[in-house]
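Engineer: On the provided structure of chain Y, position chain R as indicated by the hints.
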Amino acid sequence: MSPQHAFARKIFYLIGLVLLVAVLSWLGQPTVGEGSAEGKEGAASGLGLPNLAQLRVRYKLSEAQLGEIDPAGSTIKLATLGLRGVAANILWEKANNYKMKKDWTNLSATLQQITRLEPHFISVWRFQAWNLSYNVSAEFDDYRERYRWVIRGIDFLREGIRRNEREPMLVWDVGWYITHKIGTADEVKQFRRLFKEDDETFQRWEDYRPAADRDNWLVGKDWFWRSEKLVDQGADLRKTTPVLFFSHRPMSQMNYSEAIEKDGIFGEKAKESWKKAGDEWFEFGARAIPATEKDRYIHLNDAEQFDREAADRVAKLEAFEPGLREKIRKERYEKLPAAKRKAYETPPEKRTRDDWEKAQEVAEQLIVTHDQLARQISGPNRQTAIKLAREAAEFEKKSEENRLYRQIVNFEFWRERARYEQTPEAIFAREYAYKGAEALANADLIKAREMYEQCFAKWRQLFDRKDFAQLKNDDSLGQEIVGIIYKYRQVLEKSDKPFPKDFVLNDILELHEKNWRAREGK
Amino acid sequence: MVIENPLPHFAEWFPAAAVSWLLVAGVLTVAALVLGCLVSVLRYGPGAGLGAALATAFSGVVDVVCMSPRRVAALAWLAVKESIRRRVILVFGLFVVILLFAGWFLDVGSSEPAKLYLSFVLTATTYLVLLLALFLSAFSLPADVKSRTIQTVVTKPVRPSEIVLGRMVGFTIVGTVLLALMSVVSYFFVTRGVGHTHEVLAENLKPAGAAVNGRQPLSGTTESSQGHRHKLYVDASGKGVVESEFGHWHEIETTAWGDKPSFEVGGPEGMFQARVPIYGKLRFRSREGTDVDRGINVGDEWFYRSFIQGGSVAAAIWTFSNLRESQFSEGLPVEMNIEVFRTYKGNIEKGVLGSLSLRNPRTGLIVEVKVFESKDFTPLFIMVPRKITEFSSADVISSKRETPDKGVEFSPPQNLLDRRLAERKEFDLFNDLVADGELEIWIRCLEPSQYFGAGQPDLWLHAADASFELNFFKGYFGIWLQMVLVIAFGVTFSTFLSGPVAMLATVGAMIGGFFSDFLTRLSQHAVLGGGPFEAIIRLVRQENLMTELEPGLRTTAAQMADRVAEAGLWVIAHILPPFTEFNYADWVAYGFDITWDPWIVVPTLRALAFLVPVFVAGCFFLKTREVAQ
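As given, the protein sequences belong to chains Y and R, one line each in that order.
Quick note on numbering: my numbering labels position 18 of the first sequence as 18, and the sequence is numbered without any gaps.
Quick note on numbering: my numbering labels position 53 of the second sequence as 1053, and the sequence is numbered without any gaps.
One chain only, chain Y, in its complex shape (with noise of 0.2 Å):
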């Protein structure tokens, strides 16, 4: 090659090396300021784009921004010389292998490296958290191993948490820890007590509460409000159904009123927190909650707002010709064949499968709505009819969407739930049942009759009141009474006493006596 040659080739990859270098200071530039107005807007370029460092302000996506700098995470993602995803690779396949060999030291410090290496991934966290808390810990069998491991997965979220400051599915997931772990585990009564006791971990962690607030729902509780506080700032909730994510701490306040009352607190405490169980579930249902569509929000106490709108339009609806609906009704059904006609008048237990379908379409068919209603009215009413139709109808979507919203977490039920269960009866009832429980374990079986009795004469006492009138058709506590009239029974059995015939809660065996046979197997 001659020097000319050479030299032009030089000469050209100056001229190359410039203009990169040119490009990448410019996307490089740090901001002018966090104040001015350039830094603000990105104008600074003076081309109206932002560069780099200013999106990355903007976007709060700096390593400071993001959370705790880490040093050993950058030695050791530097050290890797572009090679993190296959180093990371590796590890995590080492990890699933000292998993399966039981090697927990060594899993450990695995998992440990590849958060180092990837710090901003949230799934790494929570699935490695969630791998150590449930499936290392059930690998033990003496249950204060166990809880170890369920408090090292935890550990290991708080360190998450450190390096994602704003990321509010560790700080959720935190809480359900906490709460769920602890506090449904099938060592619920040891692993309480282990954590109220854990005076190293609370150290750790900077919570400097006495002992006797230590318990685990309250401790998730607080957990639960960060993770809202955090949604409430503007972070993001990803994937996560948002009515489920916000229930979780009024759940807390009901998990936990119903804890102490099955470690045998009763009285004042218990219906203060089933009172203020009752009041955050109210709160709850005041809170705008984000609605599958965009920029629309659920507000779950509204349903029985919209029934009333809905009802009262009806009633004028109806007023304009009272009796329409039903002969519109009448004159759709003479038109029907005689086969669907016999179909739908053959009682429900008779109907064949062909009968059923046949009633089915008749019952839709019967349907008469607020529109063809008012449609059928004439005069000067009809406008207003219309109006008044398409206004009942949308309350009625309104509640219905309302109420879909409610069935995901189970409104309804928690609210009846709270409320009855600071009424002094239910406090009662409870504190008798579980000193009928006591007794009935240490083989007196005089107590035990006497408190079951006791027990059984409060829970009348409160489904006779007009305020819980329909308290006796729920599912849920029938059955549990249902197994206390059971234990009762046993008692009656060793003291050779019949089960009273006039049985003061006959009319809850009859409701749900057969569900809690099929239920229980018995």
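No wet-lab data here; the hints were simulated from the structure.
Idealized CB from N, CA, C, for every residue including glycine.
There may be inaccurate statements among the hints.
Claimed, not checked - These stretches of chain Y come out as covered by chain R in the derived footprint (C-beta under 8 Å, 3 or more residues):
{"no.": "1", "region": "102-108"}
{"no.": "2", "region": "140-153"}
{"no.": "3", "region": "176-190"}
What the hints assert, rightly or not - Cut-off 16 Å, straight-line C-alpha distance, at most; resulting in silico cross-link-like pairs (EDC-like, lysine to aspartate or glutamate):
{"no.": "4", "chain 1": "Y", "residue 1": "K494", "chain 2": "Y", "residue 2": "E450"}
{"no.": "5", "chain 1": "Y", "residue 1": "K102", "chain 2": "R", "residue 2": "D1300"}
{"no.": "6", "chain 1": "R", "residue 1": "K1345", "chain 2": "Y", "residue 2": "E145"}
{"no.": "7", "chain 1": "Y", "residue 1": "K102", "chain 2": "R", "residue 2": "D1405"}
{"no.": "8", "chain 1": "R", "residue 1": "K1231", "chain 2": "R", "residue 2": "E1245"}
{"no.": "9", "chain 1": "R", "residue 1": "K1350", "chain 2": "Y", "residue 2": "E187"}
{"no.": "10", "chain 1": "R", "residue 1": "K1231", "chain 2": "Y", "residue 2": "D199"}
{"no.": "11", "chain 1": "Y", "residue 1": "K101", "chain 2": "R", "residue 2": "D1376"}
{"no.": "12", "chain 1": "R", "residue 1": "K1345", "chain 2": "Y", "residue 2": "D142"}
{"no.": "13", "chain 1": "R", "residue 1": "K1231", "chain 2": "Y", "residue 2": "E200"}
{"no.": "14", "chain 1": "R", "residue 1": "K1231", "chain 2": "Y", "residue 2": "E197"}
{"no.": "15", "chain 1": "Y", "residue 1": "K101", "chain 2": "R", "residue 2": "E1004"}
{"no.": "16", "chain 1": "R", "residue 1": "K1350", "chain 2": "Y", "residue 2": "D142"}
{"no.": "17", "chain 1": "R", "residue 1": "K1350", "chain 2": "Y", "residue 2": "D141"}
{"no.": "18", "chain 1": "Y", "residue 1": "K262", "chain 2": "Y", "residue 2": "E480"}
{"no.": "19", "chain 1": "Y", "residue 1": "K494", "chain 2": "Y", "residue 2": "D444"}
{"no.": "20", "chain 1": "R", "residue 1": "K1345", "chain 2": "Y", "residue 2": "E187"}
{"no.": "21", "chain 1": "Y", "residue 1": "K101", "chain 2": "R", "residue 2": "E1301"}
{"no.": "22", "chain 1": "R", "residue 1": "K1345", "chain 2": "Y", "residue 2": "E412"}
{"no.": "23", "chain 1": "R", "residue 1": "K1375", "chain 2": "Y", "residue 2": "E139"}
{"no.": "24", "chain 1": "R", "residue 1": "K1375", "chain 2": "Y", "residue 2": "D444"}
Structural biologist: Relative to the frame of chain Y, chain R by itself:
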């Protein structure tokens, strides 16, 4: 500790291994000779070619056999000086830097910090030393050839074999010195890193029991250090006991006793151990009472352990041989690590109960010496005294095995059982239960619907405690063996390849060696997802390992290609040294002595079995190069 591939003892292993080696070496030698003759004939014609090939082979043998130790030493010294010139000491510097920052990555609050630290230092040392060996060995000869400094050596009366051996020995010396330095630094790093103590605050101790001579026994916990604390008990005389936690305990000394007691807690004990284990051979007794090789699978994806059903006749049975009275004159120290599987929770405040029995394999006398409460993932130690006066039951039973040709076999035969042997109030361990050095230890689970799981190394006799320090350095011997192998491969490859290519080839040999287990399983079609070609299809189509590929021409072609590839993989897996076999990190980390036989002797001979042919190959490759002629 898990030992998935136990090694046989030297006496058991050597004869067959020697014969195999001689066979393979013979086959390879003949193959190399035939190939050499073929190449020579093609180059020079039949007569001259054959003559040249045989002459080369003969002179090669002479080269290898007639090496001069003096010249080898001189060339080794040359290799050492070259390594120093290349600043290999920087590797040591890098190692120290890694240790300095290791605290960022190691969790001292882990439940087994010693294990974590030991694993870390051994792993870090392995990687660094092997990298050093790789770069030194792969680039040395090619660099000399490129710079023509090799001419100054080959023009002297030096054999090619001496050049190759000299390089290998020289680099080995350098690596050994560095390894020794690293091992000393690592030892202090580990012992300082996990060393800790605890404070004991008198105000946190509570009275525990009745006062004696006006002094109250106390109990409580120490202050927290490294993420844990210990329960402690101090009796009325001031003597204290600290309970084990996270695999260690502390000695406690009462410095002041009375109204304001004060205590001094020593360093951690029991963290650095080197137990000398004696392992037995495991079999199982099924719930039908028949001896089988494996127990029940409770659904674990790892088949290392199998399980026995509780509340039945099922048992896990270890047979020990060559037990000597002099070795266990005080009694039998049994240690075990049994896994527990519950089918229902039961009483979770207590462990599942099990029993330990000893049986004489000749007479059938079985004595249940201990009922214990199990605790999984924690070794349980039971000392069976020489004179057994306390026992739950004694009986005489035969073991039963079903064989396809002989039907049911009883041992001893049932008509020879003497039930009077069991009708005694005292048994002697060696006189009554050990027969010609053989003893069976039976483990049963006593609770119905619960299961015990065990693998062969999960029960051992704790014969003695060896020195942890010596064991620690034995762990480095495994790294040394790996280093020597890498040097040998690197030097051999560098005799006929350029530096970078020799390095890649050596890296390939290392990877093949580290994953030889995986390659063997892959060649036997025992890996999910099929062979290499099937895996390519799955990767491209993003299909998981479990689904069957769509039947078709492509799948059939891939599977056929895989059969061929698997044969090649099998050959590669068996001609490369299994590096994982030389890894003693687990032994040191778990606190088990790396016994000479088989864990040092057998791997050393295996390494030698690879070194010799690699060295001979290196000699021939160098000999046939122009530069060496």
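Engineer: Would you list, in rising numerical order, the hints stated earlier that this structure does not obey?
Structural biologist: Hints 7, 22 and 24 are the ones this structure does not satisfy, whereas the remaining hints hold.
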